[in-house]
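K.L.:
The primary structure of each chain is shown beneath.
4 protein chains.
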Amino acid sequence: MKKSEIYRELGINLDMALEAHNILRGEAGREISGISLDEENYDLAKVKIVNVLDPRGAAQIGKAPGKYITIESDVLGINNKAHHQELSEIIAEQFKKILPFKSDQDSVLIVGLGNWNATPDALGPKVVGKTMATRHLHGRVPEELTNGLRSVSAIAPGVLGITGIETAEIIKGIVEKTTPDVVIVIDALAAGDVHRIGTNIQIADTGINPGSGVGNKRAAINQETLGVPVIAVGVPTVVHAGVIANDIIQSFVEKMRTRPPLTDLSKEMNPPMLKMIIDQVLQPYSHNLMVTPKEIDDLIENTAKIIAMALSSALHPAMPEEVANYLH
Amino acid sequence: MKKSEIYRELGINLDMALEAHNILRGEAGREISGISLDEENYDLAKVKIVNVLDPRGAAQIGKAPGKYITIESDVLGINNKAHHQELSEIIAEQFKKILPFKSDQDSVLIVGLGNWNATPDALGPKVVGKTMATRHLHGRVPEELTNGLRSVSAIAPGVLGITGIETAEIIKGIVEKTTPDVVIVIDALAAGDVHRIGTNIQIADTGINPGSGVGNKRAAINQETLGVPVIAVGVPTVVHAGVIANDIIQSFVEKMRTRPPLTDLSKEMNPPMLKMIIDQVLQPYSHNLMVTPKEIDDLIENTAKIIAMALSSALHPAMPEEVANYLH
Amino acid sequence: MKKSEIYRELGINLDMALEAHNILRGEAGREISGISLDEENYDLAKVKIVNVLDPRGAAQIGKAPGKYITIESDVLGINNKAHHQELSEIIAEQFKKILPFKSDQDSVLIVGLGNWNATPDALGPKVVGKTMATRHLHGRVPEELTNGLRSVSAIAPGVLGITGIETAEIIKGIVEKTTPDVVIVIDALAAGDVHRIGTNIQIADTGINPGSGVGNKRAAINQETLGVPVIAVGVPTVVHAGVIANDIIQSFVEKMRTRPPLTDLSKEMNPPMLKMIIDQVLQPYSHNLMVTPKEIDDLIENTAKIIAMALSSALHPAMPEEVANYLH
Amino acid sequence: MKKSEIYRELGINLDMALEAHNILRGEAGREISGISLDEENYDLAKVKIVNVLDPRGAAQIGKAPGKYITIESDVLGINNKAHHQELSEIIAEQFKKILPFKSDQDSVLIVGLGNWNATPDALGPKVVGKTMATRHLHGRVPEELTNGLRSVSAIAPGVLGITGIETAEIIKGIVEKTTPDVVIVIDALAAGDVHRIGTNIQIADTGINPGSGVGNKRAAINQETLGVPVIAVGVPTVVHAGVIANDIIQSFVEKMRTRPPLTDLSKEMNPPMLKMIIDQVLQPYSHNLMVTPKEIDDLIENTAKIIAMALSSALHPAMPEEVANYLH
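Protein chains in written order, with this note's numbering: chain X, 1 to 328; chain Y, 1 to 328; chain Z, 1 to 328; chain B, 1 to 328.
Worth flagging that the hints you see were computed from the coordinates, not collected in a lab. One thing to keep in mind: the hints can contain errors.
In this list, chains with the same sequence are indistinguishable; a pair is considered to hold if it fits within one copy or across any two.
Heads up, simulated DSS-like pairs for lysine-lysine below, C-alpha to C-alpha not over 30 angstroms straight-line [claimed, not checked]:
1. Lys130 x Lys81
2. Lys81 x Lys96
3. Lys102 x Lys177
4. Lys255 x Lys96
5. Lys81 x Lys102
6. Lys275 x Lys97
7. Lys81 x Lys177
8. Lys46 x Lys81
9. Lys2 x Lys67
10. Lys67 x Lys275
11. Lys305 x Lys102
12. Lys97 x Lys172
13. Lys275 x Lys102
14. Lys81 x Lys172
These figures come from a predicted structure and were not determined experimentally.
Model the full assembly from the supplied sequences, consistent with the hints where possible.
P.N.:
Structural data, given as structure tokens:
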């Protein structure tokens, strides 16, 4: 019984391409055609890049064609200033490689998705709160001050339950009025393993696509819908309870497998049977039940700080010291 | 020396039409042609309606033609549930009169202007936080549940310093995508008298127009720019320090006026001289220095609650009890 | 294999006496001596009262002797004003029965436990934020205004990770200085079933006792340590991931039980084996991994409002209308 | 007419000893016996130290005997990371000089005074939020990790209007239970000049004494009441509206002084007359009306960050890198 089939039955999408790729390779027992994997190693982090090369690869992994960079680092969620500085530089390098700027004059809109009232979903709004908007400075302060500064705007529009509007609609409206050259969306992700919570960052050049979300289905936020390249930045902050539930059962069966009658059993198990068992325990919430560590507030605060630092470093060609005087 | 001239010299615009009208009438010593005033009295509140009838009236008062309703009530900022209920009904009546709905199917977008990080400027975002969005329910819940519910969406876009984008641009983008029939903007206002802080609400059918703001000049948010009627709801939460400074000098001179040499003096005073004196004391902040009571957090919390109650009552034709089950 | 033994192995304590009692009775197949159960039914709520009558009952259920009232109501977490009003009156009745006041002059200290930065743990601080402190009014406002008002003080001291101090120590210090007659502590609880999240309130006259907490072991907050009666109010907002994990395995085994070889299997399973399986999936967080619904922010906002309303109604003998004027 | 007499009439206390000293010297036209002033100059800051040497000096300046260090720096409120680092080191040096530690084992309690709901009053709680508590680590983590870490606890108790309890009482209770060797209290101050808002920090070894507050009279928080040395850290975030009002009148009269009849006038002016004029304009708020810049939220965020950095650097003898792993 394949994990991919169980997740499909449970209605669970993994937000991280690296996890989806790992499952796929594991189930196939070989590399997947149409998908390649690169790795870079740093003292503080491993960088793994899943390239979904063509529609065939995309169909198998369930992700749009494009590049999905995962930065793995145990120090991400830990409150250590020196490590944060170093890690933010590693992340900034990845941003610089993936951001499709044609010149220093290209402008960017940063969008923080998620609900600021719910800690595990507040990553996006927190990054926006730590981002320095500069778009309004151009033309208002002496030109020598904005020479090294890219035009950056930033918004945290809120979630559907608060606004009543699909977030994609709000962003489309703002993009049409402000015509940024690139959009960067920040969001909390649902992982397939609690190990990844607060230790991974995913950066993708594909934007956000329907069905790959934590819960609310929403329209795509990508180049096709917005008309400009969309870079998606995500950090896993929760795991679906259904994922945990399935892991537990698999782990249990694995443990029992040496006993002859259970070898048979594991053959007879099927996704709908698992769904029935899991739904029964997770009722009445089921899909909307999340697993998250108690210290998630610290993990998110630290991660938001590092991402904001990395973005600031990657976006601005050079920031003259005097600029700070105009930025408060 | 006229207050209107001094304020012009100091670069101060009064956000409340009622105050601007009072000054104008006082200085003219007669009613102003092109402007009419109506009054309604309730146990808990006085309602004063300034009608700017034509361009001549508009030019004199410095406000766009339209209706400016001021609700004055000492109980507005006081934490008393019974009074809040009664007052919110009075306000709801005024909303019903001014909202240009053609049918119960007309939709509305509520926009909370202002900075949620600065207490005196957080009124708009707070009202949005207490507003129940319903736009997304239509089509997702059984029709009998949304029959009595108007389609309401709500957003608090943040201020220019945080987003880098003129708020008017953001709203225009969202209006074009979501096509509401009416827009309601909520904002904190600057008054000309500390008495009005936390005791007055202004409702105008003119939207928000350049130059009438607390500080940042921003493009108009009105029917002309958005293409749909815009109702502006404002509550004074601050007074410009320059207004206080001028009041102090006037009060001082008034006190001294009986002494012959000072009668001459008050004749010689002129707006630039006053500006010089006032700027010297208020440096380096000048225009951005605000006067606000210490308990402004309570005033804003209470007022936001009442406005949200009044809007909910005025907007929804009838809210079936079962709906609440879908609204969390 | 008994649930109580598995939980002991996993280091999980159920915060709700009703749940612990249910397990105990289920495992014993009979009523437990030393523990009685009463029920009251209302339109909107069921009230179930577990009385731990003596040390023998206490030893079995793992809870201090005393009264544990559980109010169960599906409307608790739903944003419906009429229901909230009615439900808060039911809760107020329970408060009135359990609060050991000797006179209207008895004073009370309300303590909101928990971390305001982590949504599922923010219930206590939120109730404190909605509570009207009156202790400082006595002697500062005319006596006729405070006649019907009990002296209420309120504090949200923060959690050990933020303060570095055991919460019990902070409260003891404040109690010694301010000598309240009764202490009420509000806290988020960990339940044994997701059904109870946001639908149950527990009120106990035993205070909070070591080992019965969501995570951090902390010293007792009870009559013995504080010297005054302590009423504990709790609302389940999370379930330990370990509880879910065990439920999943049990449910799985139950489903398989009809197959002869598995009947044997379930006999061979034991708590340490389960712990090994569960720990492996929940690493590295294990005990600190919580399951919570996505909409937990709304559940907590609504529940905090209702508890604050119920407390206000239960605590103050009569609140003269004029008082509100002094309370902002 | 002396400023000191006017302020007495208006009921205004200046929180900053440096300002009180400046007025005193100006009015006396000479140095004040019993008070000395030292200065140190840095690239980014000026440090001015007012030493109130004896009871005679104290009586004149209206401040308890002790040392009042004022750090003046325009870069304090500006969002520039390099400057913040440098400035925090200057401040840390001053902390090290004034903190009366006898050994690295001496423990400290940091208290953030003020109301987190009102931006200009939120400095204290914000510093506490950015402070790393370590007291609970001693005994819980391997000893080599806490060797270089001082025991630090931290609390933001809230204000009288929220708790109903004098803050001094709460702190006394906590100090008695936790027996710190030194207490550090952080508070927002009221200045006598808008120039100082967000550009000055005052550090005093006298604690906080009645009558020197922004508004609410509260009992002293000092060595006498707590039994341990109390260091008070304050940042001006507001100016009383009455101070501005008086400055405006003085500036006006100064401007007019060359005219003979007005020379007489200024002689006839007296504090009660000024009070009458000022009260009339500031009614109904009077003492509780504050002047603050619009961007006060940014000023406070930056200042809180710098103070937290300086405290961390000054308090911990040496922080081993591995410690960070335990601090999240």
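K.L.:
Please sort lysine 2 with lysine 67 into within, between, both or neither, judging by C-alpha distance up to 30 angstroms.
P.N.:
within (25 angstroms within a copy, 50 angstroms between copies)
K.L.:
State whether the alpha carbon distance between lysine 46 and lysine 81 is at most 30 angstroms within one copy, between copies, both, or neither.
P.N.:
Classified as both; 19 angstroms inside a copy, 28 angstroms across copies.
K.L.:
Should lysine 275 paired with lysine 97 be assigned to within, between, both, or neither, using CA atoms and 30 angstroms as the limit?
P.N.:
neither (41 angstroms within a copy, 45 angstroms between copies)
K.L.:
Please work out whether the CA atoms of lysine 81 and lysine 96 approach to 30 angstroms or closer within one copy, between two copies, in both situations, or in neither?
P.N.:
both (22 angstroms within a copy, 22 angstroms between copies)
K.L.:
Is it within, between, both, or neither for lysine 102 and lysine 177, if the alpha carbons may be no more than 30 angstroms apart?
P.N.:
So lysine 102 and lysine 177 pass the 30 angstroms test inside a copy (21 angstroms) and across (29 angstroms) alike.
K.L.:
Is it within, between, both or neither when you check lysine 97 against lysine 172 at 30 angstroms Cα-Cα?
P.N.:
Intra 25 angstroms, inter 34 angstroms, cutoff 30 angstroms: intra-copy only.
K.L.:
For the identical chains here, do lysine 255 and lysine 96 meet the 30 angstroms Cα criterion within one copy, between copies, both, or neither?
P.N.:
neither (46 angstroms within a copy, 53 angstroms between copies)
K.L.:
Could you place lysine 81 and lysine 172 in one of the four classes (within, between, both, neither) given a Cα distance threshold of 30 angstroms?
P.N.:
neither (37 angstroms within a copy, 34 angstroms between copies)
K.L.:
Can you tell me if lysine 67 and lysine 275 fall within 30 angstroms by alpha carbon in one copy, between copies, both or neither?
P.N.:
neither (32 angstroms within a copy, 39 angstroms between copies)
K.L.:
When no copy is named, should lysine 81 and lysine 177 be tagged within, between, both, or neither for a Cα gap of at most 30 angstroms?
P.N.:
This pair counts as neither: shortest intra-copy Cα distance 38 angstroms, inter-copy 33 angstroms.
K.L.:
Within a copy, between copies, both or neither: where do lysine 305 and lysine 102 come within 30 angstroms Cα-Cα?
P.N.:
Within one copy only: 27 angstroms inside, 36 angstroms across.
K.L.:
What label fits lysine 275 with lysine 102 when the C-alpha limit is 30 angstroms: within, between, both, or neither?
P.N.:
Classified as neither; 49 angstroms inside a copy, 49 angstroms across copies.
The structure is inconsistent with the numbered hints 4, 6, 7, 10, 13, 14, although it conforms to all the rest.
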